[in-house]
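Colleague: These protein sequence lines map, in sequence, to chains F, L and D. The numbers in this note's numbering rise by one with no breaks, and the one at position 429 of the first sequence is 429. The numbers in this note's numbering rise by one with no breaks, and the one at position 293 of the second sequence is 293. The numbers in this note's numbering rise by one with no breaks, and the one at position 178 of the third sequence is 178.
Please keep in mind that the hints were generated in silico from the structure rather than gathered at the bench.
Straight-line distance between alpha carbons at most 27 Å, and here's what the computed DSSO-like set of lysine-lysine pairs gives:
#1 L:Lys-69 to D:Lys-86
#2 D:Lys-86 to L:Lys-151
#3 L:Lys-102 to F:Lys-331
#4 F:Lys-441 to F:Lys-20
#5 L:Lys-249 to L:Lys-159
#6 D:Lys-34 to D:Lys-131
#7 D:Lys-167 to D:Lys-61
#8 L:Lys-102 to L:Lys-69
#9 F:Lys-402 to F:Lys-441
So the chains spell out like this:
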Amino acid sequence: MQLNNNIILPKGWRAFTTEKLAIRGARMIDPSIGLDLQADLIIQDGTIKHIGEIPDGWDGENVDAKGLIACPGLFDMHVHLREPGYEHKETIQTGCIAAAVGGFTGVAPMPNTNPALDNPGLINFVRERALGFPVDVHPIAAVTVGRRGQSLTEIGELFDDGVTTFSDDGSPVASAELMRRALEYTRMFDVVISEHCEEPSLTAKGVMHEGAVSTRLGLPGWPSIGEEIAIERNIRLAEFTGGRIHIAHISTAGSVEIVRQAKARGVNVTAEVTPHHLTLDCTILEGFNSDYKVNPPLRTLDDIEALIEGLTDGTIDAIATDHAPHAPDEKEVEFINTPFGMIGLETALGVIHTRLVLAGKLSLQRMIEVMTSAPRRIMHLPAAEIKVNSPVNITLFNPDEKWMVDRELMYSKGKNTPYHGWELTGRPCGIINRGVAWIRKG
Amino acid sequence: MNQVRFNHLLGLEGLSRAAITEILDSAEAFLEVLDRPIRQVPSLRGVSVANLFFEPSTRTRISFELAEKRLSAEVTNFAASGSSISKGETMLDTVQNIEAMKIDVVVIRHFAQGAPHFLAERISAAVINAGDGSHEHPTQGLLDIMTMRRKVGNLEGLKVLILGDIAHSRVARSNIWGLLTMGAEVMLCGPGTLIPREIEDMNVDVTNDLDEGLAWCDVVNVLRLQIERQREGLLPSLREYQRSFGLSKSRLEKAGGEKIVMHPGPMNRGVEIDSDVADSPASVILQQVTHGVAVRMAVLYLISGGERVIE
Amino acid sequence: MTEKIKQYIIDAAGMELTLARLAAEIIEANHGSKGMALVGIRTRGVPLAVRLAELISGIAKKRIPVGILDITLYRDDYLMARKTPKVRSTEIPFEIHGKNVVLIDDVLYTGRTARAALGAILDYGRPDCIKLAVLIDRGHREMPIQGDFVGRKIVTLPGDEVRVHLKEVDGLDEVVLVETVKED
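With the sequences and hints as input, model every part of the structure.
Modeller: Okay, here's the thing in structure tokens:
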């Protein structure tokens with residue numbers, strides 16, 4: 001593999017080829033194969049060749065990784081890269097750089113672009129725009145043509161073209177009948193529908209979680225049942241049809257319980273949760289700060305507790321950021337008029353590590369699992385395993401590094417982070433994927 | 001000495017008892033100004049005040065304008081219709097323009113909850129919230145409380161029933177915050193569709209039975225019912241609303257005792273309140289209007305100076 | 001900062017004599033009590049006005065109307081003041097029009113208070129004349145204003161403070177000159 005010299009690296013990062021590269025002294029953790037070992041790693045021609053001691057006479061490049069953790073490359077199964085159509089918010093290139101800085105070696109962009117990603121031409125356009133980055137971009141295709149909720153996309157052709165996941169994210173598939181047909185149809189290919197679960201008649205005006213805080217602020221509420229009714233409906237439809245449903249950005253305690261019971265019944269359902277729903281509750285909206293406006297909305301402390309419990313006990317399978325960049329001037333308007341969404345790629349690992357792992361609420365192994373192997377498994381993508389003769393797909397992070405989140409230093413075009421000014425512990429230091437290593441200096 | 005900082009008036013939530021008392025006491029002095037042969041004092045000469053109304057309002061705007069003129073402030077009116085707002089200019093643009101014009105105090109009415117907070121964070125002028133969506137309407141809350149205080153003397157233990165569309169009412173929220181801070185008790189009454197969830201968290205009682213509420217209260221503050229609530233499917237009909245929640249003479253008589261009747265205006269006579277109640281001796285609705293000017297003078301006066309001190 | 005009393009200017013007995021003289025001067029200048037009204041400027045002008053009205057009523061055998069004036073809203077230093085002065089109400093329970101108004105204050109200093117009081121009183125109507133009576137004139141005028149009736153004229157430095165204490169407010173009658181000293 002050649003380094004692409006047209007790509008401008010993030011400031012303070014270096015690129016290496018993987019013809020002959022040694023990662024020295026990292027603690028390697030891959031829960032999917034039960035690996036937890038401090039050792040050196042030899043990579044040759046993009047493949048892991050050796051785990052153990054560096055052999056005598058080694059003459060390749062070296063990355064000193066003492067004190068770092070090496071894990072399978074992080075994968076984010078729910079991002080918005082905004083291209084085509086909304087390049088002022090983000091492009092595939094800026095999104096890939098943000099992903100790399102955040103330690104992600106793979107992302108799955110949602111199809112709510114303009115035009116919507118509903119045909120192989122557009123899917124391949126997105127893939128091509130990502131070439132040269134050490135980040136795998138696996139576009140998710142729309143379930144319905146134009147995401148208009150009327151007729152199914154050509155799912156068979158898209159599947160043949162390598163699409164493994166379908167979603168109308170941003171909006172739900174509102175019609176129960178159409179969702180039934182979508183599940184019956186996708187079942188033929190064993191692909192998953194990642195559904196934004198929202199009952200629109202209950203949430204039409206809602207801008208935040210409905211409860212004591214929305215009542216105090218006089219803001220229109222987005223009630224928990226607006227999500228729970230849709231999840232229950234979709235799970236029942238999956239159960240009825242035998243299709244596979246994935247619950248995107250699950251946010252309430254009631255939803256967790258519905259998924260838990262469905263899994264116990266053997267329904268083919270998986271779920272993801274975002275870092276912000278795991279760490280922020282709706283009282284933070286009291287200053288009307290539009291950076292905290294997101295869909296589904298931030299919930300309550302009780303919901304957060306249930307989400308963490310669900311993540312721990314396996315009810316929730318994966319963490320995904322729902323990275324949703326918006327241009328600063330779109331967020332600089334009155335709260336009710338500002339668009340929903342937060343960016344998340346560059347802060348996800350730090351936030352989860354600081355607020356869940358270091359707080360003793362989630363094990364380090366489980367964090368790695370839900371951010372690496374679980375989302376790839378849901379999307380039926382090849383595993384990224386740290387074992388000899390596997391193609392290298394690794395994330396390096398420093399679990400002890402303290403850093404301050406600064407919106408101005410984000411690589412995403414969106415500056416709408418809810419974590420501005422937070423001090424985090426744990427920071428990505430590099431990714432190695434597609435034959436290229438991007439390593440942050442120092 | 002009890003120091004009260006008072007740079008903006010965004011809401012009554014969080015405003016201390018001392019600060020509210022200070023405003024009400026000052027308003028009493030301004031009430032006297034309104035009775036003079038020359039109803040104007042020179043205190044705010046050289047202070048420029050902009051009234052930014054992003055939502056139509058006649059009463060509040062006139063009340064603020066009178067208050068400003070009676071304090072000799074220089075007044076600029078800005079109404080969203082007929083201005084550049086309709087041409088896609090953002091509120092931030094508008095605000096920055098106003099800032100560039102060297103305005104000292106901005107009075108803002110906006111349909112969006114939190115718009116005054118947005119403004120206060122971004123400009124150096126003092127900001128007075130003249131109503132933001134269904135969030136707060138602090139000067140209305142203050143004038144209501146002033147009217148009650150003048151009627152009963154001490155607000156401690158006063159029982160106030162707020163009647164009507166609580167969910168969409170900024171008047172209700174400002175009343176609740178202010179009254180609770182001043183030691184009064186608050187009960188809310190309205191149809192289930194217009195009582196927002198978990199409002200009990202604000203330390204108020206809720207009833208759907210108007211007779212129960214009336215039997216309990218000393219004061220009933222009747223909210224205006226927006227006719228569009230019916231179209232939105234929140235009410236079966238105005239007739240049914242009037243039947244269950246309209247304040248009529250017979251209901252008041254049934255409750256017994258002397259009640260003070262209030263309404264922030266404008267009234268839908270025959271819907272939320274009957275004329276023979278609105279125009280009865282129990283009604284203080286016109287006094288509320290007068291007190292509105294005095295309270296707004298007090299707020300403008302207090303906000304235009306530097307650091308506030310309460311003796 | 002500490003304070004040091006520099007001089008005792010008037011004691012209780014002296015206050016009684018001074019006010020009696022002022023009352024006599026006021027009624028003399030007015031050629032009797034006809035049309036006369038006293039208006040005390042808050043705060044300490046008010047008890048002084050009440051006392052002078054009693055003294056004058058004693059001489060004239062007739063009640064003299066007394067009003068209270070709060071000049072806060074007429075101050076010319078409002079926007080410069082670091083702290084906003086508390087507004088109190090003005091009470092003028094009589095018709096100002098056609099009256100011979102005597103404004104009463106405790107200390108005449110820069111003249112700005114008296115100027116504000118003139119502005120305020122004129123907003124209530126058009127008196128035939130306005131005169132100014134003060135207990136102490138301490139000099140340092142910044143306005144072309146003089147007292148018509150002055151209890152005591154004293155020499156002060158700009159940093160000095162004249163403290164007027166009155167029974168009604170402070171529990172005793174006295175006037176002292178105070179010097180504030182900065183501590184190192």
